[in-house]
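All chains should be modelled from the sequences, with the hints used to inform the complete structure.
Read top to bottom, the protein sequences are chains L and X. Just so we're on the same page, this note's numbering is the position in the first sequence counted from 1, plus 1069. Just so we're on the same page, this note's numbering is the position in the second sequence counted from 1, plus 428.
Be a bit skeptical, because a hint or two may be false.
[Unchecked claim] When the alpha-carbon atoms are kept at most 25 Å apart in a straight line, the in silico DSS-like pairs for lysine-lysine are as follows:
1) L/Lys1474 x X/Lys458
2) X/Lys453 x L/Lys1474
3) L/Lys1404 x L/Lys1373
4) L/Lys1145 x L/Lys1187
5) L/Lys1419 x L/Lys1355
6) X/Lys701 x L/Lys1399
7) L/Lys1167 x L/Lys1241
8) L/Lys1329 x L/Lys1369
9) L/Lys1239 x L/Lys1329
10) L/Lys1474 x X/Lys659
11) L/Lys1241 x L/Lys1212
12) L/Lys1303 x L/Lys1355
[Claimed, not checked] Derived coverage of chain X by chain L (criterion: at least 3 residues anywhere in the stretch with Cβ under 8 Å from a Cβ of chain L; other residues may be distant):
13) 502 to 510
14) 669 to 679
15) 686 to 694
Source of the hints: derived by calculation from the structure; they are not laboratory data. Cβ atoms here follow ideal geometry from the backbone N, Cα and C, with glycine treated the same way.
The chain contents come next:
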Amino acid sequence: MRRVLAALCFTVSLSAADTCVECHSVLDGNLQAPAKAFSNDIHSRFGLSCADCHGGDRTASDPEQAMSRGHGFLGKIPRTAIPERCGGCHSNAAFMEKYKPRQRVDQLAQYRTSVHGKRLAAGDTAVATCIDCHSVHDIRETKDPLSPVHPLRLPETCARCHADPGHMAKYKLPTDQFAAYRKSVHWEALAQRGDLSAPSCASCHGNHGAQPPEVTSVAAVCGTCHVMMEDLYKGSPHAPAFASMGAAGCVVCHGNHEIKRPGIGMLAGPNAVCSQCHDSDSAGGKAAAEMARQIGSLDKAIEKSDHILAMAQQSGMEVSEALLRQREAKEALVKSAVAVHAFRPAAVQKPVQEGLAITAETFHAGVSALDERRFRRVGLGVSLMTILITILGLWLAIRTIESRKHTGDSGPA
Amino acid sequence: MAEVTEPSKTSTWFEERLGLASMRKFLAHKTVPVHAGTMWYYFGGITLFLFVIQVLTGTLLLLYYRPSPGEAYESVQFIMTRVQFGWLVRSIHSWSANLMILAAFVHMFSVVFLRAFRRPRELTWISGIALLGLALGFGFSGYLLPWNTVSYFATKVGTDMAAAVPGVGHYIARFLRGGDDVGGATLTRFFGFHVAVLPGLTTLLLLGHLALVQKHGMSAPRWAEEERERKGMPLPQMAFFPNFFLRELMAWYAALGVLGTLAALFPWELGVKADPFAPAPAGIRPEWYFLAPFYTLKLIPSHVWVFEGELVGLFGFGLLALWWVALPFWAVDRKGVERTRWVTGAGVLLLAYLTTFSALGYWR
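So this is what it looks like as structure tokens:
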């Protein structure tokens, strides 16, 4: 059998530069699959071959020689050795510089600090290694939409293990994170709006150094993107209170994986999160109700201006300046929602007042536009009546002239 | 017997200098044929009336409009929002431009179907077609002036088409744009064409066209003349002044009413300011009167045999225009017999092509 294989490979590899790919391409099943997949692999595009990971001699046409221990052939890499094998190149800045000068080289170091890395080091081979996330033999760049670690595909890649009850049973980890994440505002931004900067698993847990954020670091994790909210929260009375209770900051009100779009319903009303700790009669409950009232008033004022300006615009009135100002009012609404994280009504009041001043202006612009529309229509009616009377007058004049002619009066020929 | 009154000193003064009596005499004898198609005669006058509206409103817009990329959009916005009745002037200018082109097309097809282009009116036909071409030039150059996104990219597409003409296309496009791409130089050029070059040419050509109409009088269709001949009666005539003129005045007032209604109920939109660095918005298309050729060019494959599709399309439109201008010459055979069916067929086909492809270009 080996001789037949050797003869086959010899024929194929007479002109081949990479005998591994050439021989495996003509084999069957599992032996062929890696060679087929490798044509899409980023390593293949940079001129690397199977031998760069698996060892052996890529130039030898004799399979026995190509896959001999003497030429350093390693065969299938054991799972426990995979991070070190990949890190052999990817942790070497001088080596990586030849291919991608700006490529990071700390992945292996980070992986060793991760839960995955620590368990692998302890001999648990069921945890994720490089190939479980990046795939094997058809590894693609992160920005390639077909890559399993492309931002749009990453949540599903993590979910392959983390949503599998069988896989997670021995770690006693929940498996509902992915389902919950798919109901979140972050998923909506990522998957529905196609915003690749929207957070997914790795944004909060890290990628190579993946681990759950500690209670004390949750605010810092959220604050990576929500900078202003984090600053206000740190100065608020909730920060020391939650810390003393061992509660994980932002998560207390917003949850973790299933983060819903925030609104004034979180401050007041039957589903208010504030009411979980504060009675409505307490100072905290009253402050929450006051903040909800202020933001609600701005929200309603914006809606009212939007409505009247839309009516004016649909009538063809020029209200672009007012619509531009409306954007500023909406920015003020966002600022007021951010200011909630100071948990003081006075902090919310400033942006709300700014927004209300703008909406008063834009509503007035809408009213003026509709008044102008009314004026135009009345003007049109008067003009049309005048035109109609003139046409009627002309018609009567023509009739008079022509009847005079018919009765024999002098007139043009 | 009517009492004869002595002319006033003022009218004698003007008579001495202007010779108005000869004009009055001319008008008194000028007549218009009366038949089933007389109503179509009004469209020439309506086109003229709308042109006058264009000149008046355009002059008013000139008081505030500024032809530079940094100020054009803002100046039109200023006219629409701050200038007293500026919105009305601008809307009437835009609507009357469109109605004028529509009226010109109706006038052209009425001339075709009434056979008013026949000998000796060949030059009247050619000058009329040239005037329609100038009206389209007004539309194309004026469209860019508000400097909004739609007008900017439509001008880009339009000047790109000019660039496809073999040999001289590149030079034509550069001449129109004032550079390699649509920019500030294009805007000032188009403004110059719109307010100086085209009005000058149009005025000269219009005077020639009207002089020819006066010289040859209104053409009566052959079928109307034959019908009356069969009855042994001459074709009835209507005095141009005041009978026809007053009817024309009624038509102008009606056009004014339509114009005012459109301007008041559907003010012309300003759109979003042009951003040359932004990608072209989806579904960009030219004004309705360019939709038929635009849609045709979209349908032509990128290559027809060894030629570029766009080039084939432009060549086809060039031939079509030449064939149409030459209508009075091929509408009669060598023996002088009219090719009535050919002309009617060509008119119907062209009308069907323009309406169908314009509708398809608008909806698809």
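The hints, checked one at a time:
| no. | hint | in the structure |
| --- | --- | --- |
| 1 | L/Lys1474 x X/Lys458 | holds, 16 Å |
| 2 | X/Lys453 x L/Lys1474 | holds, 18 Å |
| 3 | L/Lys1404 x L/Lys1373 | holds, 19 Å |
| 4 | L/Lys1145 x L/Lys1187 | holds, 22 Å |
| 5 | L/Lys1419 x L/Lys1355 | holds, 18 Å |
| 6 | X/Lys701 x L/Lys1399 | holds, 22 Å |
| 7 | L/Lys1167 x L/Lys1241 | violated, 43 Å |
| 8 | L/Lys1329 x L/Lys1369 | holds, 21 Å |
| 9 | L/Lys1239 x L/Lys1329 | violated, 31 Å |
| 10 | L/Lys1474 x X/Lys659 | holds, 24 Å |
| 11 | L/Lys1241 x L/Lys1212 | violated, 33 Å |
| 12 | L/Lys1303 x L/Lys1355 | holds, 21 Å |
| 13 | 502 to 510 | holds (count 3) |
| 14 | 669 to 679 | holds (count 7) |
| 15 | 686 to 694 | holds (count 5) |
Going down the numbered hints, you'll see the structure goes against 7, 9, 11, while the others check out.
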